[in-house]
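When the letters of the sequence shown are read in order and numbered with mature numbering (1 follows the signal peptide of the UniProt record, and there is no 0), they come out as residues -18 to -1, 1 to 212.
Simulated from the structure, these hints should not be mistaken for laboratory data.
Incorrect hints may appear among the rest.
[As the list claims (entries may be wrong)] Under the rule of at most 27 Å between Cα atoms (straight-line distance), these lysine-lysine pairs were calculated in the DSS-like manner:
no., residue 1, residue 2
1, Lys61, Lys176
2, Lys167, Lys46
3, Lys192, Lys176
4, Lys146, Lys204
5, Lys146, Lys58
6, Lys146, Lys184
7, Lys172, Lys146
8, Lys167, Lys184
9, Lys176, Lys46
10, Lys204, Lys167
11, Lys169, Lys146
12, Lys28, Lys46
13, Lys61, Lys91
14, Lys172, Lys46
[Said to hold, decoys possible] Restraint-style ranges between C-beta atoms, simulated for each label pair:
no., residue 1, residue 2, range
15, Asp112, Arg57, 21 to 31 Å
16, Glu152, Glu94, 41 to 51 Å
17, Tyr11, Thr148, 17 to 27 Å
Note that the coordinates shown come from a computational prediction; the quantities given were computed from them, not determined experimentally.
For every residue, glycine included, the Cβ atom is placed at its ideal position computed from N, Cα and C.
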Amino acid sequence: MAMAGAMTLCLAPSLLHAQDERTPADKFYQRDTTVKNGFTLIVINKAENFDLHEKQRLVDAFFKVYPEEVAHYNRKSLKKIFFVIDPAYHGVAETGGGVARYNPEWLTKNPEDIDVVTHEMMHVVQAYPDGSGPGWLTEGIADYVRAQYGINNEAARWSLPAFKATQSYENSYRVTARFLQWLVKNKNPKMVDKLDKAMREKTYTDGIWKQLAGADLDSLWKEYAANPVV
C-alpha cells in the first residue's frame, strides 16, 4: 500500500528486462519505487522470502528519518536512494554511492533493528571524500545520529554503552558516539555539526578538537573517562 502523499510504482520482474546500467542489481524478485516530498527511494528485493511488512518498515523509516538528517546535516545530500535487500551480502548493512545493501537474514532475525536505516542513511548524508578523516569518527558520528534520530532503538534494545576503562575513542560506532554526546553536552553543542562539516569539506585536522572543545583529543578523552556522565 502506498503511503499518503507518496507515489509508489511496483513492477514485476518480467517487465524489467531493459534496465538502467546504473541499477545496482541485474536480477531481483521485486522492485518498488516510492517518491515523497522530493525524495525517491527504490527498493530492490533480491530475497525471495523476505517479509514484505519488514520491507515496508524500512521504507517508512527512510521517509521519516532521512529528510531530517538531510535538513540538519547536509541539504545537498542525494535525493534518490537505492535499498537492496541482498541475500548474497553477509554483513548487517553497508552504504556507498547512494546504494544501501541490507542482509535479509539479519533483518529477519532482528526485525526491530529498523534504525539500521538511520545509521546507513547518515553515511549518505556524510558524503565524506577519501582521506577526509579517521574512520572511527565517521562511524561514531553515524551512531550518534542514530541515537539522536532513531525511531525504534528501544524496541531493538540498541543503546550507547556505559563507559568502561578499557574503551578508546577509536573503538568507533557506539563507544565513539557516546563520547560525542558527552562533548556536545559539556564542551560544544555544535561539536558534531562542525566535525561532520569538516570531514565533508576535508578540512579535518587533529587540531580541530582543541579549536572546538578547548583541548586535544587525548586530553578530552581523559576528562570524559574521569566523569563520563551524559
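**Request:** Would you pick out the hints that fail for this structure and give their numbers low to high?
**Result:** Hint check: 5, 6, 13, 16, 17 fail, others pass.
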